[in-house]
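Participant: Using the sequences and the hints, build the whole thing.
The numbering of the sequence shown is full-length UniProt numbering, which starts it at 1 and goes up by one.
Mimicking DSS-like on lysine-lysine, the simulated pairs with C-alpha atoms at most 25 Å apart in a straight line are: (1) 64 <-> 148; (2) 636 <-> 296; (3) 618 <-> 543; (4) 512 <-> 565; (5) 512 <-> 59.
These are computed hints drawn from the structure, not numbers from a lab.
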Amino acid sequence: MEKTIRLTTAQALINFIQQQYIEIDGEKTPFVEGVFNIFGHGNVLGIGQALEQNPGHLKIYQGKNEQSMALAAIAYGKEQLRRKIYAVTTSVGPGAANLVPAAGTALANNLPVLLLPGDTFATRQPDPVLQQIEQAHSGGITTNDALKPVSRYWDRITRPEQLMSSLIHAFDVLTNPETSGPVTICLSQDVEGEAYDYPISFFEERVHYLDRSTPTERELKGLIKALKDSHYPLIVVGGGAKYSGARDILMSLSEKHQIPLVETQAGKSTVESSFKNNLGGLGVTGNLAANKAAAKADLIIGIGTRYTDFTTGSKSVFNFETASFVNINVSRTQAYKLDAFQVVGDAKATLELLDKHLGNYLSAYGDQLALYQEEWRIERQRLADITFNREQFTPEVAGHFTQTDFIAYADALNTEMTQTKALIMINELIPQNSVIVGSAGSLPGDLQRVWQSSEPNTYHVEYGYSCMGYEIAGALGAKLAHPTTEVYAMVGDGSFMMLHTELVTSLQYHQKINVLLFDNAGYGCINNLQMSNGSGSFYTELKDVDTNQPMVINYAQVAAGYGAKTYEVHTYAELKAALADAEKQQVSTLIDIKVLPKTMTDGYDAWWHVGVAEVAEKESIQTAFQEKTASLKRAKKY
1 MEKTIRLTTA QALINFIQQQ YIEIDGEKTP FVEGVFNIFG HGNVLGIGQA LEQNPGHLKI
61 YQGKNEQSMA LAAIAYGKEQ LRRKIYAVTT SVGPGAANLV PAAGTALANN LPVLLLPGDT
121 FATRQPDPVL QQIEQAHSGG ITTNDALKPV SRYWDRITRP EQLMSSLIHA FDVLTNPETS
181 GPVTICLSQD VEGEAYDYPI SFFEERVHYL DRSTPTEREL KGLIKALKDS HYPLIVVGGG
241 AKYSGARDIL MSLSEKHQIP LVETQAGKST VESSFKNNLG GLGVTGNLAA NKAAAKADLI
301 IGIGTRYTDF TTGSKSVFNF ETASFVNINV SRTQAYKLDA FQVVGDAKAT LELLDKHLGN
361 YLSAYGDQLA LYQEEWRIER QRLADITFNR EQFTPEVAGH FTQTDFIAYA DALNTEMTQT
421 KALIMINELI PQNSVIVGSA GSLPGDLQRV WQSSEPNTYH VEYGYSCMGY EIAGALGAKL
481 AHPTTEVYAM VGDGSFMMLH TELVTSLQYH QKINVLLFDN AGYGCINNLQ MSNGSGSFYT
541 ELKDVDTNQP MVINYAQVAA GYGAKTYEVH TYAELKAALA DAEKQQVSTL IDIKVLPKTM
601 TDGYDAWWHV GVAEVAEKES IQTAFQEKTA SLKRAKKY
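Facilitator: This is the structure:
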């Protein structure tokens, strides 16, 4: 008879996750690094008791908000190239509901995280318990059902023995590159404490192997032929290329065969910006060089990319009449995107096979790539040199604002700094191996265009879900992954107000992060979208309701109250000094950078399909709708 051990469901769960390992390229490491928690009545007496009794190697962190601690866990998994994760446990009700935006973020970005929310009673004896929702048509629905559409795998444990099959399936999903994403296992709070005689074999060490899948012979031959038949191939480097560790082979192929690389947000810094054939960011938030190359290309090779609308310019950035597509992806579903020839396989392994069959193939670009790059270098320098001058006011600084409105902001914020110039200055001043983290607002566009990653895997922008509030939580996750590296959260004032609670966690656990807060007194990105499509500025600026003047908030004082080292910056000289001093600090820092609105970068040869009103009184909106219709005619329809 098989030996057993009597444990509660929660104890069995903790024992199991301690024994999960992952192996890739012969290197074996524990898969679950630790657990983020906010304890409440749905998990404190179950998982809480199990962790207190036997944490093993697991690192335990007390989060401050369920969404933000889950975002930190997701960012950690991203920084670990999906080879290590944190689990996240919450109570029932609002605590579990707060996981929904985080799960959506993980799902959109194909990032692994294990979510362990408490649930209502399996017996239903005390129903309705505190924080339980009730539906007249079903007694089986709980808050956790909201997590179903944003989970790659979802289960509810109502009996202790169910845990065994559920966890095995869960870790299959978590460790499989094709299915990587959020796993939610809901734990009925009474069952968490219920005991069962579990087989000892269930808790033996399990190794999950990430064997690099390779394409079939048919797929490889098709890829080789497509490339050899092309004159102007272009490689789109997506997140899958980064997670695969394909940097070296990408650079080798590109250099030998003169094939340019362009980057998605998730793929940026797979290859450092200084590589001669790296043209930079592609699409709506891309730069001039990459988008010009995309328009010229006759073969697009997408590597580990989902082809979001920002990457493809709403399917307009490529010349679909002359270009063909080949997609290399571990996911067959993703490989089908844009009606491409599908090559299902690991990015690194597939490119290594391709490299053996290209011979002396050389693209026809010649000196064109260098010309693209030089044109963009000049434009980037122009952006770095733009200054605000009250006496010689220019439209290129103000965007859609009037001179009066613009000067009102300059007076209120006491600044003449432009966002783009400040960002380029930061790029030049912080340590080259620093990890930068961003997510929402205008900063991701500026970052993808002008940020130059000096070292690989130092650019971390979550733009699959563009989750406001990710930035500071994500910086904490990145710091846990790189404890000796400086980590910078690039965050707007809008995102900061949405969610910044894990700044306190970074202070509590002495995990230093640097928050660079760009304050332009409003939701600048959406204001740009609004006004560039004919509307006025409507509820996207942060203004006092009585005076209609910009609100001035001392964010440095907010962070100082938590215990961070803070700086308030109004000039470039102050910014330079603050960055230098912040680097020396041992505690988390926040630099409150006051910048003028409308001073971010604009688009370059790319279009974004948004819902412009077809009927409107304003002539400017009517014009915007006509322009959208014309652009849509030129875009691919599927």
